[in-house]
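Asker: Sequence:
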Amino acid sequence: MLAHNYTGVNNVQNVLNVTGRNVKIGVLDSGIDYNHPAFGSCFKTPGCRLQYGYDFVGDFFSGKNAVPDSDPFDPCQYHGTHVTGILAGNDGDFKGVAPDATIGVYRVMGCYNIVTESVVVQALEQAYLDGMDIVTMSIGFPGGWGTSASGDTSAALIRRGVFVVSAAGNRGKDGMWSIDGPSVRNSTVSVGSAEMPFHYSQYLNVTSDELVGIRRTMFQSSVGSLSIQLQMVRGLATGSTADDYGCNALPTFTGKAVLVQNGGCNMYTKGLNVQNAGGTVMIVYPSDDSDPVTVAYEYELYLPAVAIYRVDALYLINKIGTVGTLGVSSRPDSILFDSFTPRAPSAFSSWGPGPESEVKPELLGPGSSIYAPWPLRLGSYGIASGTSMSTPYVAGVAALAIEYGKTNVNRGTLSAIVNTARPQINPASLIYYPVIQQGAGILNGYGAVTSQIIFNVTSVNGTFPETDWRDFDYFFSYNNTGNVSWAYKLQSAKAQSVSGFDNTKTLVIPPITNKKTPSVWLSNSSLNAAAGKTGYFNINLDHSSYERSEMLVYNGYLVMYPTAGVSKGFNYTIPFSGLSYNSSLVPILPPLSTGLPCLVQYRENVCLNELRTFQIPYNYPAIVFTLQHPIYRMRIRIAKAATPTLIHASVRENHYFDMSRNFPSAGSMNYTYAWDGRVFSNTDPTTLYYPNNGDYVLLVFLYTYSSGSTPIIWYSKPLTFRGPG
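Under UniProt numbering, the residue at position 699 of the sequence shown is numbered 699, and the numbers go up by one with no gaps.
Keep in mind that the hints are not guaranteed to be accurate.
Said to hold, decoys possible - Derived DEER-like restraints, expressed as beta-carbon distance ranges:
(1) Ser707 with Glu550: 45 to 53 angstroms
(2) Ser187 with Pro427: 44 to 52 angstroms
(3) Thr45 with Leu336: 16 to 24 angstroms
(4) Tyr315 with Pro510: 36 to 44 angstroms
(5) Ile114 with Gly532: 46 to 54 angstroms
(6) Asn10 with Val484: 39 to 47 angstroms
(7) Ala666 with Val311: 22 to 30 angstroms
(8) Leu522 with Ser681: 29 to 37 angstroms
Said to hold, decoys possible - Under the rule of at most 16 angstroms between Cα atoms (straight-line distance), these lysine to aspartate or glutamate pairs were calculated in the EDC-like manner:
(9) Lys717 with Asp684
(10) Lys64 with Glu117
(11) Lys717 with Glu550
(12) Lys505 with Asp471
(13) Lys44 with Asp69
(14) Lys515 with Glu547
(15) Lys319 with Asp209
(16) Lys515 with Glu550
(17) Lys505 with Glu550
(18) Lys319 with Glu210
(19) Lys44 with Glu117
(20) Lys44 with Asp71
(21) Lys516 with Glu466
To be clear, the hints were calculated from the coordinates, so they are not data collected in a lab. The model shown is predicted, which means the values in this text are computed figures rather than measured ones. Even glycine gets a Cβ: it sits at the ideal position worked out from N, Cα and C.
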């Protein structure tokens with residue numbers, strides 16, 4: 001794998017001869033094509049590396065209709081095969097991270113790509129019973145809390161000596177607090193994605209007055225690749241000089257490759273318009289500088305389509321305008337390209353912190369444009385991007401570390417993986433990227449395997465809910481597990497501070513960064529420990545210079561350098577992060593000027609600005625609201641409109657816990673709660689009844705970190721209630 005050169009895994013495999021032998025790794029994913037030569041074309045036969053596995057869902061699992069069996073073969077997806085290939089594939093030419101590890105494949109999603117908490121729990125339990133040393137999960141639940149069922153089960157495995165790795169998620173475009181569960185759970189290693197300096201990509205050959213290669217995504221599996229020479233045109237709508245979205249009727253483009261911009265309508269509409277215009281292939285580019293979009297038709301359509309980067313599309317548009325005629329062709333092979341943003345966190349990689357200000361992600365792995373095994377029916381090898389790809393890479397390095405002598409007991413493997421990672425500097429600010437974006441930095445495979453120091457913490461969470469502390473002390477210990485003495489210099493390093501809110505207290509995407517940093521006092525400037533011995537140091541961290549109104553999360557690093565010089569070893573790193581403001585100030589709800597929350601009639605979803613009568617059961621009141629920040633709990637009560645501060649009865653007390661913020665990119669814009677008209681008395685929480693007819697207001701209580709937090713309370717417009725009868 002190309003990333004092995006950058007992470008040091010090549011040296012681990014080829015110099016140290018460490019390849020994951022006698023280490024068991026469980027993969028929770030979509031199953032696997034075990035007929036692939038990279039896995040030995042075998043399953044559970046003597047000498048086969050795939051010795052464990054189970055299908056918990058069946059092919060047509062929709063969330064409720066599981067048909068489990070003992071065969072985790074994947075007949076319809078690529079995901080699990082690709083993930084397992086990154087982890088441990090080996091066909092002689094391609095070599096994954098831990099090619100000699102023993103693998104267990106636990107299928108937790110079928111052809112509909114649906115996964116549930118209960119299935120993940122079952123798979124985690126089976127992985128433990130099968131004796132897995134490591135479990136890797138390239139799955140997630142958006143905005144999850146660590147106290148979820150999968151989070152609790154992950155924690156139980158960790159306490160029993162299993163190293164658990166989970167994808168941070170691909171919601172970087174949704175800003176802060178977008179980490180997926182169960183990776184948000186403490187001690188579960190949450191893995192984000194970083195861009196490597198180089199990557200393979202399939203490509204388009206474009207000819208005009210020059211020949212250039214344009215990187216592209218793969219063609220959909222249902223259509224063949226484009227191998228003939230075509231003329232490329234820009235897909236401008238009939239009569240337009242700017243509308244290239246492909247959402248309106250197009251002029252005749254018979255036999256041409258048509259370039260269209262993403263947005264404005266769904267992919268099927270674009271493809272249908274291109275097809276109706278006579279186009280032979282559709283090429284889609286994003287409306288911003290993000291990664292190429294996924295070209296997936298919502299309905300059946302046999303028009304070949306690929307996606308390219310915006311910067312390449314702008315080059316093509318300029319050429320079409322100046323040269324006129326562009327030829328385009330494509331081959332199924334891949335070539336090497338420079339990364340646009342080498343060593344940066346991938347744009348799609350989810351931001352922390354966790355919902356309780358957990359320092360997440362832990363670190364980054366190679367996750368962008370990763371070339372690895374693909375199901376045989378889809379061409380044997382392919383390229384994919386996501387934290388789904390970086391997660392098995394980190395799991396593979398954990399297997400190498402365990403073979404080399406690391407242990408999951410007493411945080412050994414965890415510290416080796418996280419505290420040897422390499423934080424990256426943002427070239428625009430010349431200080432480190434935020435901890436809540438890159439964690440401890442990019443995985444250092446060679447450092448993780450050969451490290452000799454175990455720290456008592458992998459990161460420092462400097463958030464203390466509901467307090468006004470502006471500085472605090474933190475104490476560290478480190479144990480030298482090696483057979484030689486250890487001498488390092490200790491320094492603090494600056495990282496960007498970041499806020500998820502603008503000056504109106506509205507959620508802002510992308511987050512706002514600046515160069516403000518806290519001051520750090522160090523008890524020691526040098527650290528030393530003889531072989532087998534333990535050392536100690538402490539710090540004082542002071543963020544009193546921050547204006548609380550800026551709502552900044554501060555970030556930074558403790559970095560340890562070899563006293564004898566960088567050529568004599570590698571750095572150790574401990575990231576720190578925390579809120580510079582009292583957590584009770586978190587603007588859970590957007591400004592009221594946005595119009596939300598509001599009272600609506602259920603299913604109408606139009607905010608009511610005047611008194612409305614609700615006659616149960618013919619129409620029901622509902623509340624529509626948006627969460628800008630995760631909340632621990634929501635309680636709903638009613639009060640008489642004449643005395644809105646005096647609680648009359650409870651509507652919901654113990655129904656809504658661990659709620660995520662809303663994610664626009666996933667279509668999760670709002671929450672809606674409909675009230676069926678019944679309440680229960682605060683003195684008798686078991687009996688539901690209809691209150692007396694009259695005018696009431698609904699009260700919503702929102703708690704950030706716990707039921708003991710100071711709640712934000714929202715009062716609805718008055719409503720007239722009429723019970724049944």
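Asker: Output the numbers, in ascending order, of every earlier hint that fails for this structure.
Answerer: The structure breaks hints 1, 2, 3, 4, 6, 8, 9, 11, 12, 19, 21; every other hint is satisfied.
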